[in-house]
Amino acid sequence: MNSICRIILALAARLVPRSQRNEWRREWTSELWYFEDSTDGPLAITRFCLGSFKDAAWLRRNTCLEMVWLRSATHCTALLMFLATATFFIALAERVLDQPYTTRQFMLAQVFILCAALLILPAVTTFDLGEYPRAPHWSRRWIFLWIKFSLVPPIVFFGTLDLARILTLTHLQPHAMFIGYVLAFRWVLIDQRRRCPACLQLLTNPVRIGEPSHTLLDWYGTELICSKGHGLLHVSAVTTSCSSAQRWLHLDPSWRNLFSKNSS
Amino acid sequence: MIIQAIASGHVYGLSIIQATGLPSGTVYPALRRLERDDIVRSSWEEQRTADLNERPPRKYYKLTRTGKARLAAAQKRYPLLAGLV
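These protein sequences, in sequence, are chains E and H. This note's numbering puts the first residue of the first sequence at 2, with every later residue one more than the last. This note's numbering puts the first residue of the second sequence at -13, with every later residue one more than the last.
Hints are computed from structural coordinates only; laboratory data are not their basis. Take the hints with a grain of salt, since some may be wrong.
[As the list claims (entries may be wrong)] Think about it this way: if two alpha-carbon atoms lie no more than 30 Å apart in a straight line, the pair counts; the simulated DSSO-like pairs of lysine-lysine are:
#1 H:LYS54 x E:LYS55
#2 H:LYS45 x E:LYS149
#3 E:LYS55 x E:LYS229
Quick caveat: nothing in here was measured; it's all calculated off a predicted structure.
If we strip away everything but chain E, and leave its shape as in the complex, we get:
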C-alpha cells in the first residue's frame, strides 16, 4: 500500500464509529491489496481509496442517534420532548433560572437573539419545503413541523444556559444560544424536507441521478425513497425555472411488492 493510500484510509477511518473502525479498516485494506494487484495506475488506486471517505461518512451518519431516534415522527417528537424536559430540569437543579436570568432585560435580550437567528436563517438554508400533492393527511406534516419549531427554542435556551453554568462560561452563553438557534432551526427545515409526506418517516437510500450536463433538457440531483413505498423525492442539485428545489413523486400501490412489509 503506498503512502498516499495509507494516509487517505487513516483519515477516513477517523470518521468511522469506533466500534466498527477495525473491521472497516480491515475490509478496505484487504480490498485495496486486491485492487493494487489488479491495476497499474496510481490515479485509479487513489480514486479507489477516496471512495473510503464516502463509505466512512455513510457509516458515521447511519450509526448515530439519528437513524434510531429520528427516523419516525413519533420517536423524533419524543426525543425532542425528552431533551426539552431534561434541559429544563437541569436548569432548575443548577439554579440557572434565578437572578439575574429572570430580569426583563435578560428576557428581552433572549428574544432579540431568537429574532436575529430567524433573520439569519435564510442565509443558511431555504424556507422552501418542496412541491407536494395534497395528500389525505397533509395537515400532519405541518403539525409535526410546528411541534419541532416549538420544542427547539426551549432546548437551545435551557441547554445553553445549563452548559454555560456547568462549564463556567457564562459570557459565551449569548453567542452559543445564537449559533444554537440557527443550527437548530436549520435542522428543523432540513429534517422536514427529508421526510415522507404520507408517513413522516425519514427518507432513505439517496441515489445520485444524472450529470450536470443534463441541466438544460433534463435534471440532475438526488433521489430519495420512502422505505414504506409511498413515493420518491427528487432533489435537484441546481434550481432552475423548470425544476424546484425538490419534488415529490407518489408511487401507486403496484410498487409496494418491491418494499418489504416489515420495513421501518
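Dock chain H against chain E, hints included.
Just chain H now, with coordinates in the frame of chain E:
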C-alpha cells in the same frame, strides 16, 4: 444492480465494482445499506484459507432470503436487469 451482481457470483466489493462499473464510494455504502436492511449478509473468509494463498482474507457478501425476493421482484419489473451485469 448490486444485488444482481451478487446473485451473479460477484460476492466481494472489488468484484462488484468491476462488474457494475460503479465507483468504490457508491458500492461500499450501498453494501452497508443492503446489509442493514437484511438484504445481504457478510462473512469473512477464513484466515487459514487466505494464508495458504498468501493474500489477505476477503469479506464475502451473500443474498439473504429477503434479498432474493427483492431481486426476483426487481427482475419481474425490470426484465433487462439481468443483462446489465
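query = Do the alpha carbons of LYS54 (chain H) and LYS55 (chain E) lie within 30 Å of each other, as the hint requires?
reply = At roughly 27 Å apart (the allowed maximum being 30 Å), LYS55 (chain E) and LYS54 (chain H) satisfy the hint.
inquiry  = Run the distance test for LYS45 (chain H) versus LYS149 (chain E): straight-line Cα separation, threshold 30 Å.
reply    = violated (42 Å)
ask   = Is LYS55 (chain E) within 30 Å of LYS229 (chain E), Cα to Cα?
value = holds (25 Å)
Checked against the numbered hints given earlier, the structure breaks only hint 2 and satisfies all the rest.
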